[in-house]
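Novice: Given the structure of chain A, go ahead and fit chain B onto it with the hints provided.
Number of protein chains: 2
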Amino acid sequence: MSQGPMEKKNFLCVGLICVDIMNHVEKFPTEDSDNRASDQYWQRGGNASNNCTVLSLLGENVSIFGTIANSNELGFLQDDFKKYNISFNNCPIKENVTCPLSIAIVNKQNGSRTIIHHNRNLPELTSDEFSKLDLKNFDWIHFEGRPSVDEISGMLQIIDTFNEKYDKKIRTSVELEKKRETLKLLADRADVIFVSKGHASMLGYNKKEDALLHYLKKCRPKATVIVPWAEEGAVGQVQGQDQMFHSPCFSPDKVIDTLGAGDTFVASCIQALSRDLPLAHALKIACKVAGFKCGIKGYDGISKNLIV
Amino acid sequence: MSQGPMEKKNFLCVGLICVDIMNHVEKFPTEDSDNRASDQYWQRGGNASNNCTVLSLLGENVSIFGTIANSNELGFLQDDFKKYNISFNNCPIKENVTCPLSIAIVNKQNGSRTIIHHNRNLPELTSDEFSKLDLKNFDWIHFEGRPSVDEISGMLQIIDTFNEKYDKKIRTSVELEKKRETLKLLADRADVIFVSKGHASMLGYNKKEDALLHYLKKCRPKATVIVPWAEEGAVGQVQGQDQMFHSPCFSPDKVIDTLGAGDTFVASCIQALSRDLPLAHALKIACKVAGFKCGIKGYDGISKNLIV
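First to last, the protein sequences are chains A and B.
Residue numbers for the first sequence follow the UniProt record's numbering, so the first one is 1 and each next one is one higher.
Residue numbers for the second sequence follow the UniProt record's numbering, so the first one is 1 and each next one is one higher.
Same shape as in the complex, but just chain A (with noise of 0.2 Å):
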């Protein structure tokens, strides 16, 4: 970015915790066959999660909230967390219950991921775990649209009694990326909404200008749309103003691994607005680490250097 050397921004993102086992792979399996990996590993995941990492990287403060199974992976993923320099301190970790887990399935000929997902019994953050938190520590607060709407709903009503409090604003943004009609509740509490390309195709629509002017219709005044299309690029609008700006896609000499690209996306999108960037230089931005995340294994190689 070309405001010179940054101060770093405190973040927090609110989600889920789990683990992605990547596979990757010289074909697509066959059912029934017996293959063997060309490379295995283990990647923490969730979009929360993957946020974090991709806004450490990209050079700023970075804490994650979200509950902790402590099962045999919680020792992973607080390695994991510390080697990315995010702080997991405010974690609940919670017994007796499983880590969800994601298998991921990456074909090498053309970087499709192929996932299979098991959530078994970890307990869903709730607004009175969020509530004791000291805000006061934070610039932007991102939420990953879980299934427990009334939960982030509450969380985002305590961001919103502290900014009328306060002199210190918190500015806030939710991605509403899965298939759940639920998560439209979520449209209009909070600054920026994310509206991933599944979620607009469960509602209907099939272009990404369509899907950004139904969320323009729900959302807070003057808060601002943004519609990721992966390789259509990207639109978004602040509510009130005319203007609808696009980035195209910017993608790799080879897709490699596109697992967390929508992550990539969001989380370098709201550094750049934190920032006070013009919504069309930070969807650019946006494609462009995105984008280049797609031509690599996992995020290491994502840097500072990328935006300037």
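Just so you know, the hints here were simulated from the structure itself, not pulled from any lab data.
Some hints here could point you the wrong way.
Copies of the same chain are indistinguishable here, so a pair counts whether it falls within one copy or spans any two.
Listed next, the in silico DSS-like pairs over lysine-lysine satisfying Cα-Cα at most 27 Å (straight line) [claimed, not checked]:
(1) 197 / 297
(2) 82 / 94
(3) 83 / 94
(4) 132 / 254
(5) 108 / 178
(6) 82 / 9
Specialist: Quick look at chain B alone, frame taken from chain A:
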């Protein structure tokens, strides 16, 4: 079995110790899709490790011998060995390596299991490590045919030397399961040779009887060769005797989970042979227990009640 209350025998199984992450799905995933598993759990895996589970459930004293990675999965593996009463005290723990992991996708519609396996860098067991065991503790030692054929050959030599020296005779078995040409070098090294359908087909045999005759020419005098063949049951013969024995397959009413069915066959068969049951009887017991296993998730439910 029909000899009244049985005295436990002491089995040692030598081979790989890995983790299988089981994913039960309503249908086999299509490429690049997001799927939910209806059930997902960790299961200790590896052929020898599975043999141990079944032998223990069938009422024997069981020890495993294999390298174990000191990685994220170690605690789970140790807990699971304890749960199944399998002694793992002799296993060398290896630092700075990764536990081999298999992802298994089990299709609820037909019980098919699709496997993606990866073994990054876990060192194979050496005959030097094996030489430190006190062999007097064991009645039967079974080997999984790993790629480290020379090491396994060395271990079997150590047992031969022991058997020449002491009154107590340890009986041995080897499973040639994988599609590896070099495994045939183990064919004349043990008392009982198991040849899998996959290994036989790699050698160009598409009838179990042909594979059996092939290995009867390669094995030791008076050794037993056994060829299980999934839905076609199994055949077996003692070298130097004329009669080929056959058992049909005993399919469950509904196939639920076929992962480890071959390991169950081998374990049940060596248990029966260790008690000097006739080969025909041993084959039938093994087919019955393996068939039972295909009707259940994992192994819990297998018990000595199945074989009385």
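Novice: All the hints need checking, so say for each whether the structure fits it.
Specialist: Each hint tested on the structure:
1. In this assembly of identical chains, residue 197 and residue 297 lie within 27 Å of each other by CA distance solely inside one copy; the values are 23 Å within and 37 Å between copies.
2. In this homomeric assembly, residue 82 and residue 94 come within 27 Å of each other (Cα to Cα) both inside a single copy, at 19 Å, and across copies, at 24 Å.
3. Within a single copy, residue 83 and residue 94 get their C-alpha atoms as close as 22 Å, and across copies as close as 23 Å, so both meet the 27 Å cut-off.
4. Taking the shortest alpha-carbon separations for residue 132 and residue 254, neither the intra-copy value of 45 Å nor the inter-copy value of 51 Å comes in at or below 27 Å.
5. In this homomeric assembly, residue 108 and residue 178 come within 27 Å of each other (Cα to Cα) both inside a single copy, at 26 Å, and across copies, at 25 Å.
6. Proximity of residue 82 and residue 9 under a CA criterion of 27 Å is satisfied intra-copy only: 19 Å inside one chain copy versus 49 Å between copies.
Violated hint for the displayed structure: number 4, the only one.
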